[in-house]
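A.B. asks: Letter by letter, the chains look like this.
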Amino acid sequence: MPGLSLSDENANNGSFDLICSMFAHSPVFRIALLGLASLMVGCRSEPPSFDMNLVFAHKLEIHGDDLNEAVRDARPVLEQYFGTPDKPKIPEVLESDDKYAELMSLDNLQRAAGAVASDRTGTDFGLYRKHCSTCHGITGDGAGPASSLLNPYPRDFRMGVFKFKSTRYGSKPTTDDLIRTLRNGLPGTSMPSFALYSDEDLQALAEYIIYLTIRGEVERAMYRDAVTELGYGDPDQSDEDRFLVAELKQSDPEAYAQQLAAMDDYIVAAADRWVLAESNRVSIAQPPEKVPAWPLAPDATADERAEMEASILRGKALFHGKVANCSVCHGESGKGDGQVNDYDDWTKEWTMRNGLDPRDPEKREAVRTYLALGAHRPRNILPRNMQAGAFRGGDQPEDIYRRIVQGIDGTPMPAVNLVPTPGTSGLTSGDVWDIVHYVLSLSQPNGTPSSWEM
Amino acid sequence: MSVEVPDVIQSDEASPSNWVHRLAVILVCLTWPLIWVGGLVTTYDAGMAVPDWPATYGYNMFLYPWTTWLLGPFDLLIEHGHRLLASLVGIITIGMLIAAYATPWPQWIRRLCVVALVGVIFQGALGGARVVLDARLVAMIHGCFGPAFFVFICIIAGVTSRWYRVLKVDGCSNQAIRVAASLAVFSYLQLSIGAQLRHLPVEASAGFFRHIVYTHLTGAVLVAILAAISAWKFRGCGDMTLSRVGVLLVGLVTLQWSLGVGTWLVNYGWPWSLDAWPTLARYVIIAKGWHESLIVTAHMATGSLIVAVASWSWLRAARGRQVYEFEHKRSADNALAS
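These protein sequence lines map, in sequence, to chains A and B.
Under this note's numbering, the letters of the first sequence match residues 1 to 454, in that order.
Under this note's numbering, the letters of the second sequence match residues 455 to 792, in that order.
Pulled out of the complex, with its shape left as it was, chain A reads as follows:
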């Protein structure tokens, strides 16, 4: 049989052409190459920088003020005080006072900031970029690359509000609260558990979050003053009426000193709220003596079972009653199907509290402006479905107790009025424990308390 041979040029070229045509001459391959090239256009290589809070600045422009210049001025000033995502700094006013030493250390900030790396001892660096920035953003603005596809949206730290904490309503969380959220994660959300990471890593991350929060709060305070105190937007604005003008150091040292003092005031005010967090911890009242602790032990006595069932039934009545009124939002059956058209504070700040109802067709253009500046598309905040049992702030009875007594910052969940004796003006700690037991019973496999087998 005559066949093709090694010396047959046609044969050789035939096979070689086969390979070549597969990888070079195919029009599909050319399309692929074009596609790949276009994908790489989106990549940047400059050192990252913090983004400015354009949404908040724009929200303050309601009286016709133009804060563009304030934003431009604020950027270098904030960098001077707080550094960059690669090289964070602790403002001098905080470094020079020991009371802020426990809030954050430069060593920990430097471990959490910067590019991802590790050394041969296994110490990780760039922790924030490794674990957080894809969702929370390099600035902590909750607008990382993945943020818009997540539900719920990642937290924007810059408002300084945190939901899950052991402190009073309106107070900052403690560092331990942040670490607890990091360690446990938030069930049913994109927030993972970092339980596999060392205490040192979590401490560094928590401190970096505090750093980003203080930076964000200072920026907000600057914009507020830009509208109320300083002359931003005024065509006759002088250098004295700006945040910090280096030239004044020579020409008008007194004005410059005032600007420095104002900056220190912003920073200290923001940091002091964090320092106070420890003293704002909520103490948890013990359950009434006769009510056994949740969950009941398998060998619980008949009396204990009866007490628990009675507590649950009292809790059910309170849940649906006018004082606690939980069912308005959480629904009659606790499925979270009551009030479902409200928003969280991060959204309300630039929508409902700014005269913008996202559902109003006439406001669509204004809403689009905010979206273009970095705001997330408004989504309703849904009350927790008690029957699912996914309690994000912790599923221990103490956690639920704290949620009821102190509410949840940034959400429509209010704090209750805790009163020493039963009445119509508030709830006693015993009432709260009854509600805790009812809420926890809802997620039991056997359903509602009436059918709950103890």
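Simulated from the structure, these hints should not be mistaken for laboratory data.
Source: prediction; values computed, not measured.
Don't take every hint at face value.
To be verified - Taking lysine-lysine and the DSSO-like style, the derived pairs with C-alpha atoms no more than 30 Å apart in a straight line are: (1) A:Lys87 with A:Lys335; (2) A:Lys89 with A:Lys249; (3) B:Lys742 with A:Lys163; (4) A:Lys363 with A:Lys59; (5) A:Lys87 with A:Lys99; (6) A:Lys335 with A:Lys322; (7) B:Lys742 with A:Lys87; (8) A:Lys363 with A:Lys348; (9) A:Lys89 with B:Lys742.
As the list claims (entries may be wrong) - Some chain B residues near chain A, calculated using beta-carbon distances under 8 Å: (10) Asp529; (11) Leu530; (12) Val656; (13) Asp729; (14) Ile739.
Stated by the list, open to error - Some chain A residues flagged as far from chain B (calculated, every beta-carbon gap over 10 Å): (15) Glu79; (16) Tyr169; (17) Asp234; (18) Asp236; (19) Glu278; (20) Ala285; (21) Asn325; (22) Lys335; (23) Asp342; (24) Thr421; (25) Thr428.
Note that beta-carbon positions come from the ideal geometry of N, C-alpha and C, so glycine has one too.
Given chain A, work out where chain B should sit, using these hints.
C.D. replies: Below, chain B alone, put in the same frame as chain A:
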């Protein structure tokens, strides 16, 4: 239809040693695990666990104390392991080239081996540049080029294999070949889009991420359709192996879809409320958990495997067609001569 198949190799000259093929197969068997380890490096963000290159913490890479490597931190284990395994692949690629020149293989096979060596050196240099420059863009190119090298080695293993010389098939239609080509190319493009998600620039915008995710999802649908059409078309090629590979491709794409969904879930959780399923509603993602990392890495590695299998089936279909057309032409020439 039965055709006489040209034996490209065994007609006028002695059959060459099959060491090139053996080494190519060994390379295939090593390169896929190498892609796995490289994928783990990316999953664990361990690319900078060894900050210097080509040295390892100042040591010659091959002389780095093995106890420190094996008993040290996990990031160091996988990053240094990735380098050592890559070096082994490079050495075997050199061996394959030597074997190609030491034995009477056709020039074009030798050229392919040269290209493979250039490829593995380039890939090593990319890996080094990723470390020295600490650049995510280079890491992404490195991550895309690895599967391309894997595919190329599979092609070399294919053209040096016995079946390439003695293939006896009815011949695939040109349409089947085009579908196989499209599957290979689009699955590689799909892999490259996925690499964008894994090597996201620090300051990438939410819009860019959304665009990539939606493109990746669209690509997944396209690849699934192409895999199904390929499997269907391969059935008409008269080649049982190709038919089976078609089924394998459908299976791999199905697996890849599952891994893709899993990858999203272990990275970002459920995109909607799952209160109706309490167990799922209580699910907490474990950051860099072992199982989570395996799912993510398996998604990447299976993507490479799909590209390789699709390219191999493209080669086989194209070769079958080439043989068929050769035989057809020769028969016509013989008929004309007689």
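A.B. asks: So which hints don't hold here, by number, going up?
C.D. replies: Hints 1 and 22 are the ones this structure does not satisfy, whereas the remaining hints hold.
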